[in-house]
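Residue numbers (our numbering), protein chains in the order written: chain A, 1 to 305; chain B, 1001 to 1542; chain C, 2001 to 2291.
Some hints could be false.
[To be verified] Sample of chain B residues at the chain C side, in silico, Cβ under 10 Å: (1) Arg1123; (2) Glu1139; (3) Thr1359; (4) Arg1363; (5) Ser1375; (6) Arg1380; (7) Glu1389; (8) Leu1406; (9) Glu1407.
These are computed hints drawn from the structure, not numbers from a lab. Quick reminder that beta carbons are idealized off the backbone N, C-alpha and C, glycines included.
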Amino acid sequence: MLPFIARRLALAVATVLAVVTIAFVLGRATGEPGGLLLPDNATQAEVDALNAALGFDRPIVVQYLDTLVGLVTGDFGDSYRLRESALGLVLERVPATVELAFWAFAIGLVLAVAAALAIQLTGSRVLRAVAGWAGAMRQSVPDFFFALLLVLVFSVLLGALPSLGRTSYASLVLPVLTLATGQFVMYLRLLDASLSEQAGQDFVRTAIAQGQRRSTVLFTRMLPNAALPVLGMAGLNLGGLLGGTVVVEVVFAWPGLGKLLTDAVSQRDFPIVQAGLVFVALAFVIVNTAVDVLVRRIDTRTAAA
Amino acid sequence: MSAVLRIEDLRIETTGDAPRALVDGVSLHVDRGEALGVVGESGSGKSLTVLAALGLLPVGTRVAGGRIAIDEHVLVDVGAGVWAGERELRALRGRTAAMVFQDPMSSLDPLRAVGAQVASAVRVHAPMSRRAARERAVELLTSVGVRDAAERAGTRPHQWSGGMRQRAMIAMAIAHDPLLLIADEPTTALDVTVQAQVMDLLAEVRERTGSALVLITHDLGLVAENSDRLAVMHHGRVVETGATRAVLDAPAEDYTKRLMAAMPAESERTAPAVRAGEPDALVADRIVVEYRVPGRKAPVRAVDGVSLRIAAGETVAVVGESGCGKSSLAKAVLGVQPAIEGAVVLGGEPVRKELAARTAAERERAQIVFQDPYSALDPRLTVHELVAEPLRIRRAYTRAAVTKLLEDVGLDEGHAKRLPGQLSGGQRQRVGIARALALRPKLLVLDEPVSALDVSIQAQVLELLDGLQREHGLGYLFISHDLGVVRSIADRVVVMQQGRVVEEAPTAQIFRDPQHPFTRQLLDAVPRLDGPRRGRRPLRVS
Amino acid sequence: MTAQLAAVAAPTPRRWRPRPGAVVGAVMLGAVLLLTAVVPLLPAFDPMGQDLRAALLPPFADPAHPLGTDALGRDLLSRIALASAVTLGMTLLIVIMNAVIGSSIGILAGYFGGRIEALITLLSNVTLAMPVVLLLIAICAVLRPSAGLTILVLGCTWWVGYARVTRNVAASLRRQDFVVSPLTQGGDTFWVLTRHIVPNIWPHTLIIAATDIATIVLITSSLEYLGLGVQPPVPSWGSMIFDGQRHLGADPWLALLPGIVMLLAVGGAQFLSQQFTAETRGGLLRKGGMR
């Protein structure tokens, strides 16, 4: 177990380093930032002065090492535009994004588990077919288009819910609905496939041959075994959820991390991009490492093999 | 006397538009305390028949006709329109009739402690506290011979050995002293010595519980030793039934006779095919094979200094239980898993230890026929292409050469166009043999070549191998766990245990006068047609 | 038990019977393909020409513009057809690039194992452990967005799925006896790879590619919606929906029409790909007693 955790932590560090490096390369790829930040009519001397002030005249290796040191100390420099700590700006936006992602994940997962169990318990082909077709339709449209459909129906036609900003609980409904439906459909598919696979397992037959109730077998035997691979997937799917959150934040003008990052990207405000990417990568890696260790802890077979 | 299980005129079909009968017109009955053996080859419908009795048919099959009653309680009577509901079945399953399945690993929940699984089997029909159930589970496990049961109950199935897992399955099955125990190939996944222990255990628990037994197996020997009556099934029908002894002494039906004739003979090979004057097919000198196991520092020594000589036209059998190193030895001879020490001489000439370092001419001297005819053949290629492959590699392909090779193993042009998926197991193994012969090897490594086949097919393949050996003067390295098969084909037998040779002698001598205790143990464990082992008679309460 | 059933079922090869979903999928995708193929042949095909006097025409109002016009008076039907061609073409390229890269990497890792595999496993684990979509957004934005860049970036980064599956298949194939056999007969690694490994792996690659088409369309559209990818005046589904969003109240068809075409294309691809991946559902846990 301990060597496994050590290996997993090493992987986590490598991943974060890779993200930092990509972010660093991106930040330098378009040339020296001085030229990008100043108006077009600025003189070369002014550009050089700004580059020097920001430290861009130093050798690239030094700048990279400086970035790595910044990663450890949490100092990503100041935003070019706002002249504030980039990390501070990022952290300020985190709660809004977490709010979206958490509710979308929680609602989607809980409903998916309920639906998957209902399909298994009733054995209803109709239920599975309906879920399958509806799921395929939802997965056929990107989040931003589904969001627009929701806005069209609930804001434009019915006037029932706000379509922009983060002002009240009501403004949470449409963005969360957009993301939660996507999560629901994905987890329902995974769980249904996983549960159906378990249904054919010999140990399920053993339990039924002992006279156990089908519902008992479903809850005590099939569900734990089926949940394990889905749990493993959940960490990875967080990446997709975060990507979806970015787009949804843009659609609904939700003041979260995604909106901050896309704005910063178009304004070439690299400290924010860097701080944001690294923060997200860190969160993502921590969650995934925790999930892997958890799966390993529940499933001792892999440890023995 | 009342029957514990009575099946009348049972018909099982596939579901769907064009139903096919899988079981047709089967009638069986089991009396109290009696042991019924149901024998048949794969696809005979023997498992479906008993699964139907507990309403456990797999999806895609259904009862289409007949009547089933357990303990005089009618579960199905298609004619009368009686269909037991889930609730009725549940009351019977595990209490009146309990099952033991073939593969104890997959039959146990991998995520739950074994003790908890036994405890939940207890609680299904005997409401009690979790604590009491757990204590009862430990009692049950102890009663089936699990040592330190209290301690081991908390561990999961993957930490148990195969034999121990099957003991746990039996513990669950006897939790409610069922009137009927159904054992579906209960020992097929186990080593032969473990198989004997499990069968002894079944007999022993039946003495305690007085349960009747239905033993489903492909192994006539197992039935001969462990049943009072037997039913022989073939293509979904019962072809012969009667008292076990009577049927085996005087089989009435052709199919039964064929099955018995296919049992490995109780006699040795009479006419050896050894060719004097030709160089030895194989000389292996002090072979050592080690494996690296992930997570363990020290490598595992699978073969520990084994020497072996096989003359041209000679068959040497290497026997032992799984993990004894016999397959590793074969791989080292072929160079697939190179020996780290020792020397290999093929057809009189030394070859390098690693396959990658051997020249094509060196490689062709030793060829292999694999155990699993499914994994041995690329599923996308036709039989013709499969046999042509070695010739194409050596740029020696001619259409006629392939046709000749196929003829030699008893396959014709019609087979040549088929894919492996369209062949039977025996035909696949013939293709594997033809492919191995294509390059005219000196040594043929036969890695359990018949253990995946039904007995009647086994005999045919062994006969083919015997003929080919005489024709080509091949040396055979015959790897097997099945002493019965070995007896009829091998000239010499090498017994391996934990990577070492414990005994080596001519076949007749090994079977008549085994020297090493392990050899004796292996021999004792082989089920025989001629009656119960070591005087134990299955109990009969009447 | 299962082996027994398989033995019973084996001799009769199953007939290929299209599932209802596959038929629906083929019709949906076929409609979009027909649109992209036929519309450019019409005399009225003009995706770029602006006509401010004829701006924001609703569908079916003017025979010259069957699906209406956008805020600049450009013909919507022509623009949707061009956008479909652009997006589908990009998707195809990206999918092929990923399939080739991922499968090659997977085969190498699975077949050779050892250090190559360790390196590739690390690489794909790192990729998996990164919020890829976010990074794509950043990369595409920083490096002057263009269709070529999207193809390059997505085409070189979305291969982990292929690599993982093909690595597992290749690793299990390597242990199969039919792969060992030619080696014992004088065949070399190249022989084994070309005769046995690749032919047995490409069906798997095809299945992933089929399911991947939908994913790639959704990702490229999202990038286009954010203004990354195909640049104006060339239309794309994502950018058309973004432009239409501003007129959602009065002229919702501007966003709806390209969205519906995208739905047809992606949905069609999904239904079709499910034909390949159809799992056998059910198992023991069916309702009822003996019957």
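Task: Ascending list of hint numbers which this structure does not respect - done: Numbers 1, 2, 8, 9, in rising order.
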